[in-house]
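Construct all of the structure, not just a fragment, from the sequences and the given hints.
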Amino acid sequence: MRLSQLEVGETGIVKEFTDLEMSVKLMEMGCLPGEQITVSRIAPLGDPIAIHVSGYQLSLRRKEASTIILQ
Amino acid sequence: MDADLKVALVGNPNTGKSTLFNVLTGLNQKIGNFPGVTVDKKTGFCDLPDGRRAEIIDLPGTYSLYPKSRDESIVFSVLADKANPLRPDLVVVILDASNLKRNLLLYTQVADLKLPVIVALNMMDLAKKSGITIDVDAFAQKLGVPVVPISARKIEGIDQLKSAISYANKVALQEDTIDVESLAPQLIAQISKEIDVENPYYALQLAHQHETLKFLSTEQSDRIESLEQEFSFHSQKAQATETIARYNFINDLLYDTVKKNETAQEEDISNKIDKVLTHRIFGFIIFFGILLFIFQSIFAWSAYPMELIGDFFVWAQTSLHHMLPAGPLVNLVVDGVLGGLSGVMVFIPQIAILFGFISILEDTGYMSRVTFMMDRLMRKVGLNGKSVVPLIGGFACAVPSIMSTRTIENWKDRMITIMVTPLVTCSARLPIYTLLIALVVPNRNIWWVFNLQGLVLTGMYLFSLVSAITVAFVMKFLLKSRERGYFIMELPVYRMPRWKNVGHDMYNRAKAFVLQAGKVIVAVSVILFVLASYGPGDRFERIEQKYKQPQYAQHMNADDLHHAVASEKLENSYAGMLGHAIEPVIRPLGFDWKIGIALITSFAAREVFVGTMATIYSVDGDAEKIESVQQKMHTAKTPDGQPVFTVAVAFSLMMFYAFAMQCASTMAVVYRETKNWRWPASQFVYMTGLAYIVSFITYHLLK
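Protein chains in written order, with my numbering: chain S, 1 to 71; chain G, 1 to 703.
Be aware that one or more of the hints could be misleading.
As the list claims (entries may be wrong) - Derived pair list, reagent style DSS-like, types lysine-lysine, alpha-carbon separation capped at 27 Å:
1. G/476 x S/63
2. G/380 x S/63
3. S/15 x G/500
4. G/30 x G/500
Said to hold, decoys possible - Quick list of simulated restraints, FRET-style, between CB atoms:
5. S/69 x G/220: 53 to 63 Å
6. G/285 x S/71: 16 to 26 Å
7. S/1 x G/129: 26 to 36 Å
8. S/1 x G/179: 29 to 39 Å
9. G/305 x S/71: 56 to 66 Å
These aren't lab readings, by the way, just hints derived from the structure by calculation. Glycine included, C-beta positions come from ideal geometry on N, C-alpha and C.
Following this line, the structure appears as structure tokens:
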């Protein structure tokens, strides 16, 4: 299951990443393996999405979200 | 002013770093530029309780020492490069107490560089409200550095922070956060030995960033590269391992020192606001409402101060002319330099108003929502969600709008926005359009309600937006960027704007514009003034002589005589000669040499076109008396008796002004914002080229 497949309000736990370069940036922003992610909203045009992680709100594009694999 | 101590402020974006900087330095600050990047270098002075004076440097907000953009790379350069004149004696790391986990990542990196560090724990009030309790003493003890709880907004804890700065150690006492050496033991040891670096984390950062660091010599950089190969160092893998290790340290630290009970109140309010402001329908309606309001305000609120500034300079020029003896030097100073200065000052109201709004949008957290909502749409054409604001602002004036592109972090998006913003119909084009439309478009209604002239004008506005977007789309493929297009962006909690910051922003932007772009604008204005006021040889004297002859002096009234002299002088000036010289080039567009002169003189500012036309056709060219210019242009005939301003010529001319880079101020600002003459130069070339092609097509289609 990838982060991009979650609906608004759904929660998942980060397992691993498919893109090393992206993972480095995502981890710096607090999306680490074992961390809980909740999708808080989706932009009016369907992309990007906003997630709740590590105590704050982060937005990222669907393409970027699809590199995060959830448990 | 000499400082006893240099202090750098480091922190994540949205942590109140600028607010703290403003509180510490007051209005005692200076904005410059870091070499090579376009973030403002903000420095200021702060008096410490022990009587010493500290120079405070506000470094760009960043989430990590590994830069995501060129602007962020400045943080590591300033902190690490021993030769950097800005290198601080002490670093104050600002942490958002309500969001400690992610904030601490940057702290652990900075701490491991082993510079003396103090932590300012900002937004303690907010943390308390959202149910977070921090054991500050235990926190400070674990880190091994002084931790000062503050609230920069409410100006709490600032005195304590100042005394902490003055009592701070000269040596770094902080605890290690992670075992840096274990990340790449041999490589770190070898770099430390060869490049003479004491700190292992500094050595590791060199390994990661050597390709982009300017303070390393090419040999050093090449050597690091070959060492990396030798020890098979993989930068991204090492970074990933490091980040995970740092978060493990942070989790342990927070587990022992921070308690959170789960009633996140603040978050809920923010969430509720987001439900409305990023709503599928209302979100866009509200956003366009806000844009419309900003656009209207720039127009409406700036009109009066702009008029005042203009009137002031006219008054100053007339009184100086009365007081000083007539002569070429006085003319140059009063008409050339003061005239140019007036052309600079007149932008101040627009810049201040636009930046007031942008500051509010950024401060409240709304700007990130704009990016969030518009990203998908704007990305398709090579722009960024944040490009919307400069583009709409461009309808008023490209100058402040281009300055406002600093909010766009992505380099490529920002350059494209800068390149296309001047295509949007700015207010300086309006007098030209109204003049030409009134000349050739009949003033009648179609379908009862729509005025034909108004429709054409609206058409020109829409057309400019379409052409800006089209050019952006093309540039998306032309511009090469090494940065990968990320969109990993924090959506900060909504906050009230801090009016003091808004004021600071308005003042500082206007000041930066006057000091930096102003020079170029004044210089160009002076050159154009000389070109238009002097001619080769004794041509001017002969004109004066000619009009002193009785047949002119007796049969014309003073005003007409004055206009006739001015007109003939302009025709014989260097600008007039240039107009003649470029006639063969602009002939295919339907322009004669008179229009050529206007094209040259209006290079400093488009609206000068109307005034030049007035001089050429020997009439009074005040804005209020635009009808007389129109009358003359309407009856103007070519030597073979055809009217000069046909529909084809007028539209061709409008198209020329729609595309051509006829604005020295914009070019000066583009240079200031890009730090490279290639950008304004290529912008000038592409815009003028497009102008020529489109005018040519228009002329030949309508002829």
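Non-conforming hints, listed in increasing numerical order:
3, 5, 6
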